[in-house]
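Take the given structure of chain A and dock chain B with the ligand to it, following the hints.
Just so you know, the sequences run in chain order A and B.
Here the first sequence is numbered in my numbering, starting from 1 and rising by one per residue.
Here the second sequence is numbered in my numbering, starting from 1001 and rising by one per residue.
Treat the hints with care, since some could be wrong.
[What the hints assert, rightly or not] Cut-off 27 angstroms, straight-line C-alpha distance, at most; resulting in silico cross-link-like pairs (DSSO-like, lysine-lysine):
1) B/Lys1185 x A/Lys271
2) A/Lys271 x B/Lys1273
3) A/Lys210 x A/Lys119
4) A/Lys271 x B/Lys1136
5) B/Lys1017 x B/Lys1273
Think of the hints as simulated: they come from the structure by calculation, not from any bench.
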Amino acid sequence: MSEDNSNALKIVVLVKHVPDVQFDRHIDAQTLRIERGESTLSELDEYAIEAALAIIEAHGGAAAGHEVIAATMGGSNASGAVKKALQMGATSGVHLNDEALAGSDVLATSKALAALIEKIGDVDLVVTGMSSTDAETSVVPAQLAERLGWAQLTQASSVEFDQATNTLVISRDSATQRLRLSASLPAVLSVTDQANEPRYPNFKGIMAAKKKSTTELSVADLALDAAAVGPEGSRSTVVQAEAHPAREAGTVITDSGEAGIALVDFLAAQKLI
Amino acid sequence: MTTALVFLTETAENLGKAQRELLSLGARFEQTLVAVPGDASESLRAELGRYGVATVYTAAVDPEIFAQPLVELLDAAIAAGQPELVLTGNDPLSREAAARVAVRREAGIVTDATDVSADLLISKDELAGSYGAQVKVASQPALVALKPNSVDDAPAEAASTPEVVSLPLAEVDAPQVRVLGAEPKPVSTRPALNEARVVVAGGRGVNGDFSPVEDLADALGAAVGASRAATDAGWISHDAQVGQTGVTVSPQLYISAGISGAIQQKAGMQTSKVIVAVNKDADAPVFEIADLGIVGDLAKVLPQAAEEIRRRQA
Ligand SMILES: Cc1cc2nc3c(=O)[nH]c(=O)nc-3n(C[C@H](O)[C@H](O)[C@H](O)COP(=O)(O)OP(=O)(O)OC[C@H]3O[C@@H](n4cnc5c(N)ncnc54)[C@H](O)[C@@H]3O)c2cc1C
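So that you can see chain A by itself, here it is in the shape it has in the complex:
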């Protein structure tokens, strides 16, 4: 292609392969790690992929030289998350696949991901979901911004990008106010499920994904010491985990005109009123 690529955007979307929330999820009693059978792309990452695709499509898309790279870290089956992102329209994939990463806490995870982004190189924007649906800490994007020294635009419920000024403007809600925040790239952006409506991979996307490349990398490729990640590179360790007793269905009554009174009787018996 003959396009001038100096203005081309290089966006990395971080995607995670997580246990499907529609199934019972468990923590292994021996390893104290989340069991990863029945896994899928974290549904909150679909909003991140959509946000990244929308930004490049508004500026000429892949044809204009813009890239959306779907990147993940995790064991071999984590490539499933990248595959789905490629089907949605990401242009290529990167999979940081290394046994040494297992058991990484937030600190070690953000360290590995920051090194991965530096390895990819020349990245303008990192996009993530608002939280993973398994660990649910939602703080990896903030740690990445700190590590990379980039702007932190997190928990965005709307996103606007102006390429002429290289500026992102987002809305962010707190309990007491709605903020409008602005920053120049490079930045770390996380988006909520209010930000957009993720597309479904269509037949064309699924076929096209088969021709897209995914690069596999190991921790050694990132110039990271194996001791910097995994349990050794972590500062927090789960020492015990136990399932809360499952909630059981209690009494079920059918309203025949007096159920509102029965509700109040129940609250009184439970000393809730």
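Just chain B with the ligand now, kept in the frame of chain A:
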């Protein structure tokens, strides 16, 4: 001796319930410190004194710069007070500021915590509250974000007169994220959703009319919640959404009305002490987790319950 530093990202006229819980947990340790932006008014100092706070670290923060000044404040307070434990709220901004400080200090951070023992073993919820875990942190400090409704509000036995130390923060000369605008949200007279003792929530089944839900909530002094179907429909503000991508609640009582009980809804409310569900479909999944299930029309059951509560209270 263990020192706990409680980090408050903002203060209104009075301390909020979640903030009082943080201070109550902090007061269990030998020494409690506080870091807060602004200049610690006399009434705030008096309130902090009730929790035995020894020192309040303050610093002026520029409201036009997002997050960064709070990170600097927390980092400087840690440097000054050398705490073993840092306690923050579980809201996104508090967690994120703590997480950035964790990077600077190679420290462990634990979110969704429900308790911290005297020897700094941290209890937390995992997998949307379906598991409870114990976590050890091998760094000083350990940074812990505490879920609201986890700890009883218990002021210290002996009140204190906190010393105020104003920290000189380096000016942020290249602000990365600017605040272009801050639109305050309408202030509700109802309790805050994440802290409320009682929550009444409505879903698609309210069919556009939240008044039965709001009326029962007011009879109970409760907060109003909603499913995503109801907030997406625009019947109520997104701030009322309970669930995986909304607010996580853990009240004494959660009354669910016209909500089917999808997994993402359950993720935000299944640690409630008592759950009551009103749904006209006897097969709705919400009944699997309800202590009391009522198969019926919410438009009839809720007003009748509200009226009965008011009658008994009269
Ligand atoms: C990424 C993602 C994140 C999500 N996050 C959340 C979240 O945070 N919170 C959340 O709630 N959802 C969330 N959802 C949506 C969730 O999957 C469900 O779609 C949603 O919870 C359904 O809302 P509902 O129960 O109100 O609606 P429905 O599932 O349509 O249920 C309506 C219920 O009302 C009952 N009903 C109807 N009329 C009456 C009546 N007159 N009286 C009594 N009962 C009546 C019906 O029997 C039915 O059970 C998320 C989904 C995704 C994909």
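Results for each hint:
no. : hint                  : result
1   : B/Lys1185 x A/Lys271  : violated, 34 angstroms
2   : A/Lys271 x B/Lys1273  : holds, 12 angstroms
3   : A/Lys210 x A/Lys119   : holds, 24 angstroms
4   : A/Lys271 x B/Lys1136  : violated, 37 angstroms
5   : B/Lys1017 x B/Lys1273 : holds, 18 angstroms
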